[in-house]
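**Q** Sequence:
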Amino acid sequence: MELVFLGTGSMVPTKDRNHSAVFVSYRNEGILVDCGEGTQRQLKIAGINQNKITKILITHWHGDHSFGLIPLMQSLGSTDYHGVLEIYGPEKTIDTIRALNRAFPSESRLRFVVKEIESGQFFENKDFCLEAAKLDHSVPCLGFAFIEKDRRKISKQALKKTGLPEGPLVGELQEGKTVTWQNKKIRPEDVSSIVKGKKIAFVSDTAMCRNAVLLAKDADLVVCEATFADDVGEKADSYKHLTAENAGMIANKANAKKLVLTHFSQRYKTSQQIEEDARNVFDNVVCAKDFMRVVI
1 MELVFLGTGS
11 MVPTKDRNHS
21 AVFVSYRNEG
31 ILVDCGEGTQ
41 RQLKIAGINQ
51 NKITKILITH
61 WHGDHSFGLI
71 PLMQSLGSTD
81 YHGVLEIYGP
91 EKTIDTIRAL
101 NRAFPSESRL
111 RFVVKEIESG
121 QFFENKDFCL
131 EAAKLDHSVP
141 CLGFAFIEKD
151 RRKISKQALK
161 KTGLPEGPLV
171 GELQEGKTVT
181 WQNKKIRPED
191 VSSIVKGKKI
201 AFVSDTAMCR
211 NAVLLAKDAD
221 LVVCEATFAD
231 DVGEKADSYK
241 HLTAENAGMI
251 ANKANAKKLV
261 LTHFSQRYKT
271 SQQIEEDARN
281 VFDNVVCAKD
291 FMRVVI
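Residue numbering for the sequence shown follows the working numbering, beginning at 1 and increasing consecutively.
Because the hints were derived from the structure by calculation, they are not lab data.
Misleading hints may appear alongside valid ones.
[Stated by the list, open to error] Simulated DEER-style distance windows between Cβ atoms:
1. Q266 / K92: 26 to 32 Å
2. I94 / R279: 20 to 26 Å
3. P168 / Q121: 43 to 49 Å
4. S238 / N51: 38 to 44 Å
5. T270 / K196: 32 to 38 Å
6. G163 / S108: 29 to 35 Å
7. L100 / W181: 42 to 48 Å
[What the hints assert, rightly or not] In silico BS3-like pairs for lysine-lysine, Cα to Cα no more than 27 Å straight-line:
8. K289 / K258
9. K240 / K196
10. K160 / K52
11. K161 / K115
12. K92 / K55
13. K160 / K134
14. K258 / K153
15. K184 / K198
16. K160 / K184
17. K161 / K134
18. K126 / K257
19. K177 / K198
20. K217 / K184
21. K153 / K177
22. K185 / K198
23. K156 / K134
24. K177 / K240
25. K15 / K257
26. K126 / K289
27. K156 / K55
28. K253 / K134
29. K198 / K235
30. K44 / K289
31. K52 / K198
32. K217 / K198
33. K115 / K153
34. K184 / K153
35. K269 / K149
36. K198 / K253
37. K161 / K198
38. K253 / K289
39. K126 / K149
40. K269 / K196
Cβ coordinates follow ideal geometry from the N, Cα and C atoms, glycine included.
Start from the sequences, fold in the hints, and give me the full structure.
**A** Listed below in C-alpha cells is the structure:
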C-alpha cells in the first residue's frame, strides 16, 4: 500500500504546493482522495497513470478539493479507460456533478457511478472496506478511513512439512478452512499466522470534533489537515479548520501510530512551525510535501 501526496496546499496554491489530492495504491485499486485543481498534471509528474484510478472520494465541494474532478473525468473519457469509475461524496454530490457536467459539456465516453454517503461503511470487498464520518466544516464534509482486513500468511516452511503442494487446498487454508491431505487434517493455524490489516484515516477540513478522533482511532496512519499554526488559533476557529496542535491532539486521543499533516495555508514559507506545534502533543509526525510517498 502506497500513498502519494499530489497536493498539500489549501485554498491558494503556491509554487511548491498544489491543491488537495492524495492517491492511494493498493493491489488493483487506485483511490484518489480529493481532486483539487491541477491534479491531472500532478499525476503525470508523479508518474501515475490516471487510468489506474478506480475510486474518487470527495471530502467536500470547496474548490481546492474538487475543481480538478470534471477535467479529470473528461480526460478519462477520452482515453482507453476500462471499467466504471466510482465517485463518492457528501450530500448533494449527485446534483453538483450534474451541474458541472452541464456547465462544461464534453464528448466524454466515461462510465461512472456517483454515490452520496453519510457516516459509516460505504464499501467492502474481500480485502478492505471504506468508512466515512461527518466532520464539522462550513459545508457538508466527510472524513474517510481505509481499513484493510486481517489476512492469513502461509508459512512456506510449515507448509512444506505437511507435504501439501501448492493449489486450491492452500487457498482454502488462507481462507481459514481446515483441509484434508493424504488422510490427515491440516488446520489453518498449523501452517499460517494472522497478519493484522492496516488502517489509514483521512481527516479533511474541520473544526475539532469527536468524529475526527473516532475516524482516526487506532489508525496506522492519520492524514490530517493542519491549515494553521497555533498562534492563529482564532483564525482556524473562525474558518472551521484545525491548527497543528489540534491535529496532534486528534492523533494522540485516537492512539494512532503516525500522523502526516497537510493542507497548509499559503502564509507559511516552511512547515517547521506547524510540525513543531504538532510534536508538542504527538511525537511521530511529519509534514507532507507534494509528491511525497509513504509506504504502509
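**Q** State for each hint whether it applies.
**A** For each hint, the structure was consulted:
no.	hint	in the structure
1	Q266 / K92: 26 to 32 Å	28 Å, holds
2	I94 / R279: 20 to 26 Å	41 Å, violated
3	P168 / Q121: 43 to 49 Å	30 Å, violated
4	S238 / N51: 38 to 44 Å	41 Å, holds
5	T270 / K196: 32 to 38 Å	36 Å, holds
6	G163 / S108: 29 to 35 Å	56 Å, violated
7	L100 / W181: 42 to 48 Å	58 Å, violated
8	K289 / K258	16 Å, holds
9	K240 / K196	35 Å, violated
10	K160 / K52	37 Å, violated
11	K161 / K115	49 Å, violated
12	K92 / K55	18 Å, holds
13	K160 / K134	49 Å, violated
14	K258 / K153	25 Å, holds
15	K184 / K198	34 Å, violated
16	K160 / K184	14 Å, holds
17	K161 / K134	51 Å, violated
18	K126 / K257	25 Å, holds
19	K177 / K198	23 Å, holds
20	K217 / K184	43 Å, violated
21	K153 / K177	13 Å, holds
22	K185 / K198	31 Å, violated
23	K156 / K134	44 Å, violated
24	K177 / K240	50 Å, violated
25	K15 / K257	31 Å, violated
26	K126 / K289	32 Å, violated
27	K156 / K55	35 Å, violated
28	K253 / K134	18 Å, holds
29	K198 / K235	35 Å, violated
30	K44 / K289	16 Å, holds
31	K52 / K198	21 Å, holds
32	K217 / K198	12 Å, holds
33	K115 / K153	34 Å, violated
34	K184 / K153	21 Å, holds
35	K269 / K149	40 Å, violated
36	K198 / K253	18 Å, holds
37	K161 / K198	30 Å, violated
38	K253 / K289	25 Å, holds
39	K126 / K149	8 Å, holds
40	K269 / K196	39 Å, violated
Hint check: violations occur at hints 2, 3, 6, 7, 9, 10, 11, 13, 15, 17, 20, 22, 23, 24, 25, 26, 27, 29, 33, 35, 37, 40; the rest are consistent with the structure.
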